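**Q** In case you want the letters, here they are:
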Amino acid sequence: MIRPFGFNDIILIAEAIRWTLALSAIAFAGGAVGGLLIALARTSDTRWLRTASMLFIRLFQGTPLLMQLFLVFFGMNIFGLPINPWLAASLALTLHASAFLGEIWRGCIEAVPLGQREAATALGLHYYDRMTSVILPQAARISVAPTVGFLVQLIKGTSLASIIGFTELTRTGQIVNNATFSPFQVFGTVAVFYFILCWPLSLTARRMEIRFSRATTR
Amino acid sequence: MTTATAPETSIVMQDINKWYGAYHALRNVNLNVRRGERIVICGPSGSGKSTLIRTINQLEPIQEGKIVVDGIELTAGGHNVDEVRRDVGMVFQQFNLFPHLTILQNCMLAPLKVRKIPKAEAEATARKFLTRVRIPEQADKYPAQLSGGQQQRVAIARALCMQPRIMLFDEPTSALDPEMVKEVLDTMVDLAKEGMTMLCVTHEMGFARAVADRVIFMDQGQIIEEGSPEAFFGNPQNERTRAFLKQIH
Ligand SMILES: Nc1ncnc2c1ncn2[C@@H]1O[C@H](COP(=O)(O)OP(=O)(O)OP(=O)(O)O)[C@@H](O)[C@H]1O
Ligand SMILES: [Mg+2]
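These protein sequence lines are chains A and B, in that order.
Using numbering that gives the first Met the number 0, you'd call the opening residue of the first sequence number 0 and step up by one each time.
Using numbering that gives the first Met the number 0, you'd call the opening residue of the second sequence number 0 and step up by one each time.
To be clear, the hints were calculated from the coordinates, so they are not data collected in a lab.
Some hints could be false.
[Unchecked claim] Over 12 Å on every C-beta distance to chain A, these chain B residues come out as not near it, computed from the model:
| hint | residue |
| --- | --- |
| 1 | T8 |
| 2 | Y22 |
| 3 | G76 |
| 4 | E82 |
| 5 | V83 |
| 6 | D86 |
| 7 | N95 |
| 8 | L108 |
| 9 | P117 |
| 10 | K118 |
| 11 | R126 |
| 12 | L145 |
| 13 | D212 |
| 14 | D218 |
| 15 | Q221 |
[As the list claims (entries may be wrong)] Listed below are the simulated SDA-like cross-link pairs for lysine to any residue, each with C-alpha atoms no more than 20 Å apart in a straight line:
| hint | chain 1 | residue 1 | chain 2 | residue 2 |
| --- | --- | --- | --- | --- |
| 16 | B | K112 | A | H125 |
| 17 | B | K140 | A | Q115 |
| 18 | B | K112 | A | R129 |
| 19 | B | K115 | A | Y126 |
| 20 | B | K115 | A | T131 |
Please read these numbers as outputs of a predicted model, since none were measured by experiment.
Even for Gly, the Cβ is constructed at its ideal location relative to N, Cα and C.
All chains should be modelled from the sequences, with the hints used to inform the complete structure.
**A** The structure is reproduced here in structure tokens:
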């Protein structure tokens, strides 16, 4: 039975924003932890850590996010875990975000001048204090803009989780469309909601980038 | 181990060889530094001056030879390098202050994290040395707000806050505008007068004449000539030393 697309449908779609946000938040939080570890491994003095983290990054950069979702989703089943879209989507997106944030943050750590590390070392600071007190605070400043930029990509990327049955913004759109068969209005609405989520973030990222490049070319 | 009775010899370097990949950067270098001795190291670009002093706190590892600093054998491995770094302060050409920390925080970081002294004591020490280098009023500013000469004096104060027994300087005035060179050199002269053991890579020959006990000339990774400033400048023995001295005058 087909009903017309109406205000209630818009509300229904709007309510699904929270699932998109929840999934983005989980992936971003998990990816921040994973990404920091990957970035530290990439910049470590231990060769096998550098190689292993490099392979991890290449793997996730070199395959489509959709395949990553599929592999985790069906892979979990093979390893005897129950099929659970929440778990699969969270895990796949966390791994994905870890790889990309790891690569972004590696660049930020390497952008801190070598003299900073040398001065800290000469003062007797060990790795942990050197990182937490000297290198990472400076790398963090450089990283804000590209990190927000990646967050936008991540939010848009969560739409692929709809394909493994995770009911977020896009999937809710599909469900509403099945009932109303007004694809243009439905997916137009969905797109507008993504835009409202992402546009302010993109704007912030661009502004921070400009401010940062000004600060560094002084 | 640090011995209770301070050894007369501050640094012993024996048959040092160092390679960067295939490039032989230090060739059979031997150097003994007495406690309180002031040494100036000069030589053409790429001769290994920086490399030499950076081996003393192991910013650069060596492949052959033996280094003993204040009775601690650096090349014996283990935690000896930590002890040596606590005893050896270093000042770089590019200052290398931590830009995200205030002047005071720059000076307090290592004493807090490495020596683990109480905060009030670290702050008192930091203010004392900032006064010593004549910029106590800049304590709450950030490095970027200071002139080059002021930044380099902060870098000296920061190193002194660890109460080192040896100070290494790698061309501390080369990145400075000419009018700021003097204020940094004056600070170093003060330090020399207090009896600090100093190794200083510099081409400031006035400074070398005024404070150095010994001038060392390096070329192609070797110590070619050494002597008192009078002998070194007045009557250089080696041909390459003479050519070099002619160039920088
Ligand atoms: N990290 C490195 N990797 C490879 N080669 C290096 C490295 N650091 C220095 N070298 C080389 O070792 C040689 C000695 O370098 P060093 O920096 O000690 O010279 P220097 O006497 O301090 O010169 P300058 O007056 O230009 O500072 C140079 O030929 C340099 O190119
Ligand atoms: Mg040098």
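**Q** Could you tell me which of the hints above the structure violates, numbers in ascending order?
**A** Of the numbered hints given earlier, those the structure breaks are 4, 5, 6, 7, 8, listed in rising order.
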